[in-house]
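Enquirer: Here's the letter readout for the chains.
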Amino acid sequence: MTVSAEVCPVDLADGLARAGDDREFYRELLDLFLEDARQRLTRLESALSVGDLQEVAATAHGIKGAAANLAALRAREIACAIESRGRSGDGAGLTALAGELAAEIERVAAFTRSFTG
Amino acid sequence: MRILVVEDEPVSRRMLTAAVARMGYDVVAAADGREAWDVLRAEQIGLVVTDWMMPEMDGLQLVQKIRGCELGRYVYVILLTSRSESSDAAEALEAGADDFVGKPWHRDELMARLTAGRRILDLQAALQEKNLLLERMTRVDGLTGIGNRRHFDEEYRRAFELARRFQRFLSVAMIDIDRFKAYNDRFGHEAGDNALRAVAAAIDETVRTADHAFRYGGEEFSCVFPETDASGAIIVADRLRAAVERLAIGHPENLPSGIVTISVGVSTLQPPPRVGAEDLLRAADQALYRAKNDGRNRTVALTPEELFAPR
Chain A
1 MTVSAEVCPV DLADGLARAG DDREFYRELL DLFLEDARQR LTRLESALSV
51 GDLQEVAATA HGIKGAAANL AALRAREIAC AIESRGRSGD GAGLTALAGE
101 LAAEIERVAA FTRSFTG
Chain U
1 MRILVVEDEP VSRRMLTAAV ARMGYDVVAA ADGREAWDVL RAEQIGLVVT
51 DWMMPEMDGL QLVQKIRGCE LGRYVYVILL TSRSESSDAA EALEAGADDF
101 VGKPWHRDEL MARLTAGRRI LDLQAALQEK NLLLERMTRV DGLTGIGNRR
151 HFDEEYRRAF ELARRFQRFL SVAMIDIDRF KAYNDRFGHE AGDNALRAVA
201 AAIDETVRTA DHAFRYGGEE FSCVFPETDA SGAIIVADRL RAAVERLAIG
251 HPENLPSGIV TISVGVSTLQ PPPRVGAEDL LRAADQALYR AKNDGRNRTV
301 ALTPEELFAP R
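Chains A and U, in that order, give the protein sequences.
Residue 73 in my numbering sits at position 73 of the first sequence, and the numbers go up by one each step.
Residue 306 in my numbering sits at position 306 of the second sequence, and the numbers go up by one each step.
What the hints contain is simulated information worked out from the structure, not anything from laboratory work.
You may find that some hints are simply not true.
[Claimed, not checked] Only some residues are given here: those of chain U computed to face chain A with a beta carbon under 7 Å:
(1) 10
(2) 15
(3) 57
(4) 137
All C-beta atoms, glycine included, are put in the ideal place defined by N, C-alpha and C.
Excised from the complex, chain A in its bound form (with noise of 0.2 Å):
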């Protein structure tokens, strides 16, 4: 893995074990995830702003599934606390996380950039 000030958005090794060590699936992987996580991101901040909390925590499950898959852990975090949040009624901090989430999945965005299959 390439030394980087940042921690790599992704697991590598553990990404590709669950990819079953096949590099050229994981990226293609990865470009679904990025693809349906924006979609459900998109989703996610609309249902914020009209205070639909429930769709808050139903899009966010979503994208703490498939970012467990991918061993995307910063992800997963993120959209765990959103979930659970949003699960619980509880409004406060969800917009920053939200952009939180947006941001890395951005990351994951530009590693996936790096990565080749």
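Starting from the structure of chain A, add chain U where the hints point.
Expert: For chain U alone, coordinates are given in the frame of chain A:
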């Protein structure tokens, strides 16, 4: 074995599908419970791996739907649960899931769970096959291989009910091998059994496709002829007699022919029906009795009305 993967989130769906395919299974994917249900009804799916939280119909509802409906086969269901919530597992099993795998799932664990599922399904299939065989054995006469008395009772009752409801003709024949006791006494039980087998086969081969022949007991046989009036039944009965004569099994005690012959009693239900199933059968029995008294190796037909209709 064909496996259905149900998962709304595309990355997981793709990963699951790829993993299961790589394990050598035939995979179909669905994005939610409703889509999964459509696939289950259309295809021969043995095992389902389903996510829990999904839009439309979730995994739990899908399991309940699978268990609540007769798909004609057992479907093994593995629910994907969140590891963090331990009560999930109990709820999944209670809803009817066979097993659960925590998310994120691991390839080796999933593979082991699928293998376990397949083992159960194989056992289930073997058991079902044995049950079918046993079920068939309870309806087949061990000696002759044709339907037994129990099978006759079911078939006759069903045929009678249909004839009564739809106002159709129904004929029934009672058949008895002439002087069979004397044959047994002279040639022994083994020869007697062989004769029974040969006669049963001759009757079974001679009746028409829609008709059914049964061993009623001892040296007695019975036939059900749906949609057949009295003259039709007599024609078939005489054909049965001729078929047994053609076997030409020597029977010196059975004169004048000196071969194994049968007597047949026939009775016909004529629409509109005025007698019950028991009376029709008793009339056929009476007809058989008369065929014996009239000299054997012949067919006698009696209408049930002349015997049993209220006067």
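Enquirer: Please name the hints from earlier in the document that this structure breaks, with their numbers sorted from lowest to highest.
Expert: Going through the list in order, the structure violates hints 3, 4 and respects the others.
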